[in-house]
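A.B. asks: In my numbering, the protein residues as written are 1 to 117.
Calculated from the structure, these hints are not laboratory results.
Incorrect hints may have been included.
[To be verified] Derived Cβ-Cβ restraints for the label pairs, each shown as a range:
no.	residue 1	residue 2	range
1	V65	E105	47 to 57 Å
2	S16	T62	25 to 35 Å
3	L18	L43	34 to 44 Å
4	D48	R75	26 to 36 Å
5	A5	G95	45 to 55 Å
6	Q31	I8	31 to 41 Å
7	Q38	L18	43 to 53 Å
All C-beta atoms in this analysis are idealised placements derived from N, C-alpha and C, irrespective of residue type, glycine included.
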Amino acid sequence: MGFTAGFIGGLTLTSSALYLSALIHQRNRLQQSLSLRQSAHLLKQIYDPDRLYTPPSMRERTAGVEDLAKDRWNREVARAVRRVQETDWREVGRGVEEAAWGAWERVRKSSGGGGDK
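Can you make the complete structure from the sequences, with help from the hints?
C.D. replies: Structure (structure tokens):
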């Protein structure tokens, strides 16, 4: 148990450190990007004050194949859940019961034991 607990603990600690460092790096890059945009906006206002300049908006991420697959999967799951919720399970049970009873009757008649005792 000591090896397993130590391994999992080390894995958790390493994963947490990597996640936090990647998060800090991403936030720093975002802040630098914002600072550069503001500086560019100020410089453009200095050399051309008459022209009304609106800074470009943040880049919009286009939907990739992965996002399209996720959306399709979510629609399929929602459709399946809706179908399950809207199904009258009592009626389904009656149908299965009638089909099983009919099959049982056919087996009984084909085996030659058709008479009730």
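A.B. asks: Now, for every hint given, state plainly whether the structure supports it.
C.D. replies: Cross-check of the supplied hints:
no.: 1; hint: V65 x E105: 47 to 57 Å; in the structure: 53 Å, holds
no.: 2; hint: S16 x T62: 25 to 35 Å; in the structure: 32 Å, holds
no.: 3; hint: L18 x L43: 34 to 44 Å; in the structure: 37 Å, holds
no.: 4; hint: D48 x R75: 26 to 36 Å; in the structure: 49 Å, violated
no.: 5; hint: A5 x G95: 45 to 55 Å; in the structure: 53 Å, holds
no.: 6; hint: Q31 x I8: 31 to 41 Å; in the structure: 35 Å, holds
no.: 7; hint: Q38 x L18: 43 to 53 Å; in the structure: 31 Å, violated
Hints 4, 7 from the list above are not met by this structure, while the remaining hints are.
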